[in-house]
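Trainee: Using the sequences and the hints given, assemble the complete structure.
In the numbering used here, each residue carries its 1-based index in the sequence shown increased by 413.
Check each hint, because a few of them may be wrong.
Restraint ranges, calculated between C-beta atoms of paired labels, are given here [unchecked claim]:
id : residue 1 : residue 2 : range
1  : A452      : R474      : 28 to 34 Å
2  : A452      : E488      : 16 to 22 Å
3  : D438      : A472      : 17 to 23 Å
4  : A493      : Q447      : 15 to 21 Å
It is worth saying that the hints were derived from the structure and are not from the lab.
All residues carry an ideal CB built from backbone N, CA and C; glycine is no exception.
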Amino acid sequence: MSDVRHVLVLPDRDSAQEVAEELPDRFGVAEEPQLVRDALAGEDDAEDAQWLVVVEDPAGRLDTTALDAFASEYEGWLEAP
414 MSDVRHVLVL PDRDSAQEVA EELPDRFGVA EEPQLVRDAL AGEDDAEDAQ WLVVVEDPAG
474 RLDTTALDAF ASEYEGWLEA P
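Mentor: Okay, structure coming up:
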């Protein structure tokens with residue numbers, strides 16, 4: 414089975430950091446999630462940047478429905494693969 418990578422899209426850095434800190438406890442994620450700033454196309458204003466939390470799921474065991482629900486608690490969502 415190939416490695417699975419989940420991308421959670423969050424509205425701001427604070428939300429992304431909270432999600433990244435919460436993931437190991439809620440989902441048993443072993444690897445440290447990556448935080449990535451995603452500036453919206455054509456936007457120069459840093460306030461319009463979204464933040465991505467990239468979660469490696471080598472065993473493919475994370476529940477995508479639960480991840481999406483978790484992200485929505487922070488006004489975010491799970492990016493479709």
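Trainee: Does each hint hold? Answer for all of them.
Mentor: Each hint, compared with the structure:
Distance hint check: the CB atoms of A452 and R474 are about 32 Å apart, consistent with the given range 28 to 34 Å. Hint check: A452 to E488, Cβ distance near 18 Å, so the stated range 16 to 22 Å holds. The beta-carbon spacing between D438 and A472, approximately 18 Å, falls within the hinted interval of 17 to 23 Å. Under the hint 15 to 21 Å, the C-beta atoms of A493 and Q447, about 19 Å apart, fit the expected range.
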